[in-house]
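J.: Chains as they are written, first to last, in the working numbering: chain X, 7 to 664; chain G, 7 to 664.
All the given hints hold, so there is nothing to weed out.
Simulated pairs of lysine-lysine, DSSO-like, Cα-Cα distance not exceeding 30 Å:
id: 1; chain 1: G; residue 1: K124; chain 2: X; residue 2: K524
id: 2; chain 1: X; residue 1: K159; chain 2: G; residue 2: K209
id: 3; chain 1: X; residue 1: K209; chain 2: G; residue 2: K159
id: 4; chain 1: G; residue 1: K209; chain 2: X; residue 2: K214
id: 5; chain 1: X; residue 1: K514; chain 2: X; residue 2: K582
id: 6; chain 1: X; residue 1: K200; chain 2: G; residue 2: K122
id: 7; chain 1: X; residue 1: K594; chain 2: G; residue 2: K514
Read the hints as simulated data drawn from the structure, not as lab findings.
Number of protein chains: 2
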Amino acid sequence: MVAILRSIAPAAAVVAVLLDVVAAQTFQRLGTCPTFGCVFPPDQADFLAGQYFDIRLEVHAPVNGSEANGGQPDEKFTFTIAKGSAKPVDAPTFFGVKEPALERWNFTWFEDLFAKDKGTPSLVNVTSRAYRRVFLKEPGEYVATLGYNGDKKTVVNWTVRDLSTVRKAKNVILFIGDGMTTNMITAARLIAHKTINGRYQTKMAMDKFPILGHQMTHSIDSFITDSANSATALYTGHKSTVNALGVYADSSKNVFDDPKVETIAELFHRLTGGAVGIVSTAFIADATPAALVSHTRDRGQAAPIIDWYLNGIQNYTWTNWTGPDVLFGGGAENFFNSSHGGTTFLDRDYYAEFAKKGYGVAQNGTAMAALKNDTKALGIFSVSNMAKWLDRNVYKENLRNQNNSADGLHKDATDQPGLLQMTTKAIDIVTQRSAGKGWFIMSEAASIDKMMHVLDYERALGELLELDDTIRGTIAHLNATNQLKETLILVTADHGHGFDVMGSVDTKYFNAQTEPRKKRAAVGTYQNSGLAGYTMAGNLSYNPGVHFPTTWDPRYTLFQGLYANPDHREDYAVNKDGPREPAVEGAKNDYVVNPKDNPGGIVYNGTLSVDNAQGVHSLTDVPVFAMGPCQELFGGVYNSIDIFFGMAECLGLSGKGL
Amino acid sequence: MVAILRSIAPAAAVVAVLLDVVAAQTFQRLGTCPTFGCVFPPDQADFLAGQYFDIRLEVHAPVNGSEANGGQPDEKFTFTIAKGSAKPVDAPTFFGVKEPALERWNFTWFEDLFAKDKGTPSLVNVTSRAYRRVFLKEPGEYVATLGYNGDKKTVVNWTVRDLSTVRKAKNVILFIGDGMTTNMITAARLIAHKTINGRYQTKMAMDKFPILGHQMTHSIDSFITDSANSATALYTGHKSTVNALGVYADSSKNVFDDPKVETIAELFHRLTGGAVGIVSTAFIADATPAALVSHTRDRGQAAPIIDWYLNGIQNYTWTNWTGPDVLFGGGAENFFNSSHGGTTFLDRDYYAEFAKKGYGVAQNGTAMAALKNDTKALGIFSVSNMAKWLDRNVYKENLRNQNNSADGLHKDATDQPGLLQMTTKAIDIVTQRSAGKGWFIMSEAASIDKMMHVLDYERALGELLELDDTIRGTIAHLNATNQLKETLILVTADHGHGFDVMGSVDTKYFNAQTEPRKKRAAVGTYQNSGLAGYTMAGNLSYNPGVHFPTTWDPRYTLFQGLYANPDHREDYAVNKDGPREPAVEGAKNDYVVNPKDNPGGIVYNGTLSVDNAQGVHSLTDVPVFAMGPCQELFGGVYNSIDIFFGMAECLGLSGKGL
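So here's chain X without its partners, still in its complex pose (with noise of 0.2 Å):
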């Protein structure tokens, strides 16, 4: 459940995720570990050369439950390496370190929910061992091999992928619509873009790129992810466990020991000097924005992650890292401190952290505007996530009240700027400061997908479209800039929703029954779908060459929807007095009907576990659009990861600097 309060709850109110704590329905000791010898990167991991990366190896001893072994375990482990079919050696040899320290512990995990309902939990002891910041230098197959409990073996095959070393690209955008599918796409399309007898009369930006690709999201040890886990495939090439942030997840008790992986932008960073900024909608110690420098299976250390951007990893030797050249988002919790409410790491005033480091800092987007192009920039416009479009553009009273300004002095944060404004200042400071050595720049709307866990689908199809719009900007902004043609710009998602569009709803005849079941007449489907009300009438407008809805509630809406929800009510109207909340806590970890949402809509019992407040990710492979130098590497369907392969194999960082 954490994965999901995390992606909108303020990162203040969030606890950690703990092993011993799991309310599994499908149940693991530890993913990608089936048996008892436990190596991480596992077996089938593909690396980039040059890549740093942590080595981790558990021997695991249950004490009890179905798989009890004694309890002791082997502490006498051993750990080889081969390239291809040479001679293997052990690892301090092989990558030329010393042998870490062996390391204890202990976890316990439930077998199944029968399990937990009983209060019987499988306890396992642990032996081992961590290599730290090794990597593989020449492309190919390797085999590392851990012995454990006499002649058992874990045996991992590993590759290094043999690419292409010719740098492609001189920059890349990489934009992700935080779980943004195909059916979001179209219906943002439907709602903003009109029609006449089934022609569109424009296009979304996205539709007008050369290359269409698919990308499976699924994590390495469950076929549903999260974004901080799938955001570690985008950036690392590896997958991993949900919650994970740059490592695999380990099974000791300090969230902070797992085994890392480096990341696109450490590796941009350290292999060319170019610049590197990051851009969100989220509060910025989020998954997606947070992947990119932090190393910790919780996603939940908000205020760590923060400190991260700034000094790099914690606690360990590892990748050169001076601090992002632009970090735009919200989460000013994470920046002002406990005396002003804040929860920051070790109560520093991170603005002041970031000032000291030569950062210029702005907090509203009057302030970003002003900021020098050849000065590192920190902007933080919103405690928690920023506002929606929808709130920013249309329905504006909903940014009073709401105590939620960056500087810590609890006003209203009315000043924030979009995802257009903070992507194209963004653009400005790195291209300046980058001088000719490239720019790698991630811009995440991410309340698509924090709009889409409350059911609330007319903002996130408002932020959908804001991402669009993004696009166009931005491809506008390098044509004038005169980056285009040197730019990789590459559009996804980290995973999807199970969200569509099935018909429309009659809103007045909805509204004018009493009965459930009469207002159910209310949805036409097939012919009875008509055309989309949202460009038909209204009168808000917007600049030439802009799509959004020209009214978002007219007579007959979008009849659409989230299988996978919790108790709610719905009544198939835009929410205007702000974002969604379907459920509320009834008893504990019982949620139930907000009696505040949607009173004259239809109950329906949810389809979730009860402790369920919000609707959750889903399956569904995501669109990749490519535009750029090597957009014919993200053609056709493949694996989350090669998006990084394809991201790093274009920059040229494939065995740079070996």
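Could you slot chain G onto chain X? The hints should help.
T.: Structure of chain G alone, referenced to chain X:
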């Protein structure tokens, strides 16, 4: 509702759609005609140079209702056409045809649900003319103008696309997964292909295609399509109205006089003399196969549709059509006549009619395999839709006691071929019969859609996997017969269903609980989704290279669903007794949970209008996979009609024979 029923019910059980019994939630006097002057094809229609079409003009005069204007439709309307900036000329002169007779009729419609509840329809009087079998020769822009009611004008812009006239593909095979979305492909991959640490060990055949596109499926006058009007778009380049096959829907009472557009099958046959194969797992009068040769706004005309396959269009001079070279599918009830309980055109025996025209006739899989490859072939293998892959291969007892043998003798159709067997046999026949002129095949996996409609997800995914295996086997067969390089292979869908997978369900735990809210705890999301159980256990196996689940009833099943549903009860387990029937009629037109369906499950109120027995289609763009000559025409995002133009261009049909 007819659209839904049509897609699963036996053809004989369905009644025609009449314009004046519309049960509309969203309302149109007549699609694509917002004013009182209607021109079909309407504004923004695209044409292939030389493609035959009809023109229908209507002038409407509402008698009552909000649009009432006296009820006297203009009898003296005018109609002119101009190419580019040339002087407009009257249509008979432009096309070199006689002025058609004036027609008159009237129709009624409801303006909204309130009017329907009150029983107050609006009456419209109509004057009309229809120009039959005309064509546009030169690529470019055309302007057609209907003048009526004094100075009123309806101006429509038509485009004849300027396409390459060089034929690049000898053959085209178009696979249609009816209702298939990216979400479903992702789910099918999950249950049939093994992963190790997030890496699929095998891929879907579709995943290996070099080019990926998305097509927009919406209808011309409503944003949700059915299979009739989406097939019309794919085959003719003209989007149409729900339920319409190869025509624009007019308002006349006669469902056979609507304005026609020539299809890819008709064009290919007329212009190249090549061979045409039509294969479907549906009853063969169903929309997706029927749209290749039929022209009516009512897909429910099953008996005439069978005659059209053989004899071409009735009543009007039209294209040269002499019957497909191969016609394989179900729907025997429209071949054997009333003496065996069937419903056929003029009560003829259509097995005899086809045989008279030289067709070899097969009524089971064994006979199909024995058909000669040099002779036209009719293969009809069951009454109604053919058996599902899951019942043919796993739960075979479900083929018993169906009394559905194709011969009309009411035995069980236990010897039904699979889609792969039908498709490769069709290839063998068209290859030989085309004598080097090339061939066109449409092969449809129809019951992905039909099983999604009834919320039978396992059967739907089984059908999708059969389609994927058919693609795999077809590529191998084309390669073996040395035809792969000269054949364009397309895989797409006609529309979606709002389906996705969001986690897993511990069915053991689910079934051990009695309280619905406790059962919901069995749903595992994110890390608790675990790995798919469908390939981890079981004893089902197949030929090498063929991928289906090794079990269909693992303990941990998929948490999957459709948001647009009728009242139903869900238990998240495969239906071993045959296709699911989620809802049954309680009161008239009021569907409630089927007491026999999933008795141990959780009851959910439907989201759809209570007159729905099934789920409905969705809006989402659907994928297009392309391989072979002209594959590059099918990347990116485009309109469904572009599939027609891509195929026609690749076959060199533009302007051919003029």
